[in-house]
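Enquirer: Sequence:
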Amino acid sequence: MADDFGYLNARVRARRSTLLKESFFQEALDLSYPDFLRLLSESVYGRDLAGQGLPEVDRAVAL
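As numbered in the working numbering, residues 10 to 72 make up the sequence shown, in order.
One should not assume that every hint holds.
Claimed, not checked - Subject to a maximum C-alpha distance of 20 Å in a straight line, what follows is the list of computed SDA-like cross-link-like pairs (lysine to any residue): (1) LYS30 - SER50; (2) LYS30 - ALA71; (3) LYS30 - ASP13; (4) LYS30 - SER52; (5) LYS30 - TYR54; (6) LYS30 - GLY55; (7) LYS30 - ASP67; (8) LYS30 - LEU58; (9) LYS30 - ARG47; (10) LYS30 - ARG56; (11) LYS30 - LEU48; (12) LYS30 - VAL53; (13) LYS30 - VAL70; (14) LYS30 - VAL66; (15) LYS30 - LEU40; (16) LYS30 - LEU46; (17) LYS30 - PHE45; (18) LYS30 - ARG20.
Stated by the list, open to error - Across the chosen pairs, the derived CB separations fall in these ranges: (19) ARG68 - ALA23: 19 to 25 Å; (20) GLY15 - PRO64: 36 to 42 Å; (21) GLY55 - GLN35: 16 to 22 Å.
Hint data in this document are derived by calculation from the structure and do not stem from the laboratory.
Virtual Cβ for every residue (Gly too), placed ideally from N, Cα, C.
Just need the whole structure built from these sequences, with the hints factored in.
Expert: Printed below as a string of structure tokens:
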């Protein structure tokens, strides 16, 4: 059981490290859509953006 906890704890910590910080959202609120896409593409989610349309943004953030 302790091994399961260690594994799950490591997985949660790894996923948490990829979450966008509050400062990202504060900056994003003031941006136009193209500038928001640029900012998002510079984040850890950038590699998941296949294009610049809303469906691609939704898919990248959902991963």
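Enquirer: Between LYS30 and ARG47, is the straight-line Cα distance small enough, at 20 Å or below?
Expert: Status holds; Cα separation ~16 Å.
Enquirer: For LYS30 and LEU58, compute the direct alpha-carbon distance and say whether it is at most 20 Å.
Expert: holds (19 Å)
Enquirer: Next pair to validate is LYS30 with ASP67; report whether the Cα-Cα distance is within 20 Å.
Expert: holds (18 Å)
Enquirer: Holds or violated: LYS30 and LEU48, Cα atoms, limit 20 Å.
Expert: holds (13 Å)
Enquirer: The hint says 19 to 25 Å between ARG68 and ALA23; measuring C-beta to C-beta, is that right?
Expert: Since ARG68 and ALA23 have Cβ atoms about 20 Å apart, the given range 19 to 25 Å holds.
Enquirer: Is the hinted pair LYS30 and LEU40 satisfied, with a Cα-Cα distance of at most 20 Å?
Expert: holds (16 Å)
Enquirer: Given the hinted pair LYS30 and ARG56, is their Cα-Cα distance within 20 Å?
Expert: holds (18 Å)
Enquirer: Is it true that the CA of LYS30 sits at most 20 Å from the CA of GLY55?
Expert: Between LYS30 and GLY55 the Cα gap is close to 15 Å, so the pair holds against 20 Å.
Enquirer: Under the criterion that the straight-line Cα-Cα distance not exceed 20 Å, is the pair LYS30, VAL53 satisfied?
Expert: With Cα atoms ~11 Å apart, LYS30 and VAL53 stay inside 20 Å; holds.
Enquirer: Take a quick look at whether LYS30 and VAL66 sit within 20 Å of each other, Cα to Cα.
Expert: OK: LYS30 and VAL66 at ~17 Å, within 20 Å.
Enquirer: Are LYS30 and ALA71 close enough, with their CA atoms no more than 20 Å apart?
Expert: Between LYS30 and ALA71 the Cα gap is close to 16 Å, so the pair holds against 20 Å.
Enquirer: Between LYS30 and ASP13, does the CA-CA distance stay at or below 20 Å?
Expert: Judged against 20 Å, a Cα distance of about 28 Å means the pair is violated.
The structure fails to meet hint 3 from the earlier list, while all remaining hints are met.
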